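Enquirer: Here's the letter readout for the chains.
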Amino acid sequence: MRTAIFSARFAELESIRQFVNHAAIDAGMDETGLCAIEMAVDEACSNIIEHAYAGMPAGDIECICENDEHNLTIVLRDHGQPFDITKVPDPDLSNVLEDRKVGGLGVYLIHQLMDEVRYERMGEAGNILTLVRRLKSEP
Amino acid sequence: MEITVQHHKHCDLLAIKGKVDSFTAPELTKAFEKTNDEGKFKIVLDMEKLEYMSSAGFRSLLVGQRNCRRYNRGEIVLARVPKKIMDALELTGFTPLFKIFDDVTAAVGTF
Numbered sequence: 000m001r002t003a004i005f006s007a008r009f010a011e012l013e014s015i016r017q018f019v020n021h022a023a024i025d026a027g028m029d030e031t032g033l034c035a036i037e038m039a040v041d042e043a044c045s046n047i048i049e050h051a052y053a054g055m056p057a058g059d060i061e062c063i064c065e066n067d068e069h070n071l072t073i074v075l076r077d078h079g080q081p082f083d084i085t086k087v088p089d090p091d092l093s094n095v096l097e098d099r100k101v102g103g104l105g106v107y108l109i110h111q112l113m114d115e116v117r118y119e120r121m122g123e124a125g126n127i128l129t130l131v132r133r134l135k136s137e138p
Numbered sequence: 000m001e002i003t004v005q006h007h008k009h010c011d012l013l014a015i016k017g018k019v020d021s022f023t024a025p026e027l028t029k030a031f032e033k034t035n036d037e038g039k040f041k042i043v044l045d046m047e048k049l050e051y052m053s054s055a056g057f058r059s060l061l062v063g064q065r066n067c068r069r070y071n072r073g074e075i076v077l078a079r080v081p082k083k084i085m086d087a088l089e090l091t092g093f094t095p096l097f098k099i100f101d102d103v104t105a106a107v108g109t110f
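Residue numbers (numbering that gives the first Met the number 0), protein chains in the order written: chain A, 0 to 138; chain B, 0 to 110.
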């Protein structure tokens, strides 16, 4: 198990991506999975910074990576406001440029890239987002 | 992230290098805005040296494309899109919004 705490700032995204990337390599994640993990965790943390900590003094994001022989599980904890990404509606993926809304893309990507996405609100203790990806991608 | 600009006769070539995430995407947006402020709306974005792009970068592309295409004054076309970035663009339904070229010469030649 690997744990790290990052300051909830966009400038930290690069370090967060590196941290999960190393954990995923050590877990034996395949190449497709590495890209997926990097992107999904970036999108999840961007959302935490932008929405859970919106209008609050900057808090932190705790990142816990754990794996067994089949899956890598990444848990992201923050102490911000409730933000349940599993309730965010799908974005507009229409091909009409003028009509297309710009939001919701990150959450959509997280669901597409991960095998499992769970959200729990721990009262005042904050939010827990759990992302699971199989080590070997399905063909 | 780094962006270098080359002015061509019929378009501007913006070469992007490094990583675009929520931290750096505003720089990409600014680069498009600066080009537009110079009265230029025909842009080739060379992505060969782009290592990573999150949805924050896709939003910059979308807003940039919308501004460039307005009044039919131009558009952004993409060149040399790395495979993993192409996969994410496809997943989010972005590929039909842009002409995509395998080489820069063909992309510049479209204008």
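Just so you know, the hints here were simulated from the structure itself, not pulled from any lab data. All values derive from a computational prediction rather than experimental measurement. Honestly, I wouldn't trust all of these hints.
Going by beta-carbon spacing under 7 Å, a handful of chain B positions derived as facing chain A [claimed, not checked]: (1) Ser-53; (2) Cys-67; (3) Arg-72; (4) Thr-91.
With a straight-line cut-off of 30 Å between C-alpha atoms, the simulated DSSO-like cross-links for lysine-lysine are [unchecked claim]: (5) Lys-82/B - Lys-18/B; (6) Lys-86/A - Lys-83/B; (7) Lys-82/B - Lys-135/A; (8) Lys-135/A - Lys-29/B.
We treat Cβ as the ideally placed atom computed from N, Cα and C, and that holds for glycine.
Enquirer: Does Arg-72/B pass the interface hint, meaning its C-beta sits closer than 7 Å to a C-beta of chain A?
Expert: violated (14 Å)
Enquirer: Given the hint that Lys-135/A pairs with Lys-29/B, does the C-alpha gap stay at or below 30 Å?
Expert: With Cα atoms ~39 Å apart, Lys-135/A and Lys-29/B exceed 30 Å; violated.
Enquirer: Given the proposed pairing of Lys-82/B with Lys-18/B, does the C-alpha separation stay at or below 30 Å?
Expert: holds (15 Å)
Enquirer: Checking one constraint from the list: CA of Lys-82/B to CA of Lys-135/A, max 30 Å. Satisfied?
Expert: holds (19 Å)
Enquirer: At a threshold of 7 Å, is the proposed contact between Ser-53/B and chain A supported by beta-carbon distances?
Expert: Status holds, d = 5 Å.
Enquirer: Under 7 Å, Cβ to Cβ, is where Cys-67/B needs to be relative to chain A, so tell me if that hint holds or is violated.
Expert: violated (10 Å)
Enquirer: Just to be careful: measuring from the Cβ of Thr-91/B to every Cβ in chain A, is the smallest value less than 7 Å?
Expert: holds (6 Å)
Enquirer: Compare the distance between the alpha carbons of Lys-86/A and Lys-83/B with 30 Å, and conclude whether the hinted pair is satisfied.
Expert: Given that 30 Å is the threshold and the Cα spacing comes to 27 Å, the pair holds.
Of the numbered hints stated above, those contradicted by the structure are hints 2, 3, 8, listed in ascending order.
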